[in-house]
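Build the full structure now, drawing on both the sequences and the hints.
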Amino acid sequence: MKKRNLVEFFIYLFEFLFCLAKLNKYQNVIEDIFHKKNVRNTNDSFTNICLKVSYGLIYYEDLLKNYKYDNKCLKYNKIGNYVLEKHNMSNYNCYKKIQKPLCKLNYINIENQIIEDNNINNDNSVKESAEEKNSKANTNMFDEQEKHIANGDNIYNSKIKKCYKTKNFFISLIKRCIEKGDKDPLVHCASLNFEKKIILDPKLFCESSYERKGIEEKEIRKSIYNDIYKKAVIKTFNFKNEETNDCINIVNIFNNCSIVERNIFGTTIDSCILERSKNFCHKTIEEMHNKNYIYTCSDIILPYLLSSKEENKSYNNLCHNFNNYLNILKEKKNFYLKEKRKLEEKVKTIRITQKLYKMIEDIFQLLKEETQKNSLVIDNLFHNLEKLENQRLFNEEYILKLNKVHEKLQESENLIIKSGYPVLNKNSIEENISLFKEIKANVEKLRKLQMDIGTYSKLIIEYINKKKNEKLNDKDINEINLDELKKLKKKYDNIKNFIENYSKKNNNSIYEYQNSYEKDFIEDSKNFNNLVEIYTDQIYLLIKNNIK
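The sequence shown runs -21 to -1, 1 to 527 under mature numbering (1 follows the signal peptide of the UniProt record, and there is no 0).
Bear in mind the hints are in silico, worked out from the structure with no lab data behind them.
Please note that the accuracy of each hint is not assured.
Here are the simulated lysine-lysine pairs, DSSO-like style, with alpha carbons at most 30 Å apart [to be verified]:
{"no.": "1", "residue 1": "K327", "residue 2": "K337"}
{"no.": "2", "residue 1": "K51", "residue 2": "K498"}
{"no.": "3", "residue 1": "K468", "residue 2": "K366"}
{"no.": "4", "residue 1": "K445", "residue 2": "K380"}
{"no.": "5", "residue 1": "K288", "residue 2": "K527"}
Encoded structure:
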C-alpha cells in the first residue's frame, strides 16, 4: 500500500506541474492553516532535516547546475516559501517548481540503509553476546562487531548483485515497451501509460509484466545417425517473487524521473531509462508525510542551501553551520535598509531643492519689481541727460553723484555676471542651502544697488530741473562726456535685461526632471522597504525556531 501511495503521489505531482497556472487560490487551505500556526515538531533537528534535504540536492545535482531561475526572483533567493506567501509574492519563489520533489520526497542511499539495518542487528547481537558471555574479555565483543561489519558488506554486495539482474531486465523490458508500444505481442508492461510514460501501479507492473524471447535449445534425439537437433522455442521472462521489492523501487525512480525530471528539467525518457539506471540499485525514494519536515525544508533549508551553493561549501558543512544563514540574512537586510535610507535622503534632497528653486524664483521676481520701480527714475535721468542742451551744468557735488550712479551700475553688472542664474547641483543639501543663501545675499545686494541708483538719479533730476536755465560760474561747472553717458545707459539696459530674463525664467524643466527621479526613487525606496520587511520576517522565522 505504501508503494502504491508513492506512485499516486507522483501522479498528483505530475498533474500539479501541468495545472499550476490554473490552480484555485484556495487550494491547500488546510495545509496553509496548519502552516500559519507554525507547528514545529522536534523529532528531527535542523541539522538532520538539512542533511536529508541535501541528499535530494545531490540526487539532482547535475540537473540543478543548469537549472535556469527566473531573473525576477533572484533578489528573493534566500527567502522561503512561507514568508513569500505571507507577502503575496509566491511568484517570486525561485524554488516553487522544485520544492515539491525536494521537500516531499526523501532520497535514501541503499548502502547506508543496509548498513544501518545491519548495525541495529549488530548492536542487539553484541548485547546478547555480552550478556551470555559476561566473563569473557571485551576484545570478544570487538571481534563480534568486526564479524557483523564484514557480514554487512557481504549482505550489501549480495543484494546489489541480485538487484542488478532485476535492473537489467527492467531496462530491457521498459525500452521495448516504450519503443513498440502495445503492438508487440511478445512484451507486456502492466499499467504502463504509453502517452505519459509512467507506470501507474508498480506492484502490478512487477508481478504481471513479461518479455518473450526466442531462444535455441539443444536436444539429442535417438536416430541411426545420433544427430543433435536445435529447437527454437519462445521463453517467457518475468520478475521473480524475490525481485519484487527491488523492481518496485526501480519503478519509483523511473516514475520520478519521467514525471518530475522531464517536466522540471526537460530530461528525456531515454535518460530516465539509461542515465538514471545508475541509481536503480543504489537509491530508494520515499514520500515524506511529516509536516514539520516539509515546511522546514521549503521555508528555511531549501533557500539556505541553494542560495549558498556558490560559496563552494559542502552541504555537510552548511548543515552543521546553520547560524551562517542568519548572519547572511542580517547582512542582506542591513544592505537593503541602507539603500532605502539613501533613496529617502535623495527624495528629501529633491524636495528641499525644489523649494529652494521656488524661493529663488520669488527672489528674482521681487528684484524685477524693485528694478521696474526704480527704472522709471533712472530712465528719466538718462533721458534728461541726453536732451540737456547745456552740457556744462554740473558742479562738483553732482558730478560725484553721477559717478556714484556709474559705480553702482558697474557693481550691479559685475555681480550679475559673477553670479549668473543659480543651479543647485551640489553634492549635498547643506551645500545647496549654502549656495541659496549666497544667491539670496547677492540678489539683496542687487536690490539695494537699484534703490541707491534710483535715489541718486532722483537727486540729479531735481538738480537738472532746477539749474538747467541758470548760468554757473566757470570755476563751479563740469562738462558731461556724452560717449561715457551712452555707455552707461547701455550698461543699465543690459542689467535690466538680465534681471528681466532671470525673473521670467522658470524651473519647470528642472521640476519635471526631478519629479521623474523622485517618482523612481520613491518606488525604489518602497521596493527596498518591502525587501527589508521580507528579510526581517525570514530572520524572525529562524529565531522563532531557535536558530540564533
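Results for each hint:
1. K327 - K337: Roughly 15 Å separates the two Cα atoms, so the pair holds.
2. K51 - K498: 21 Å, holds
3. K468 - K366: 14 Å, holds
4. K445 - K380: It holds: about 16 Å lies between the C-alpha atoms, which stays within 30 Å.
5. K288 - K527: Given pair K288, K527 holds - Cα atoms ~21 Å apart, limit 30 Å.
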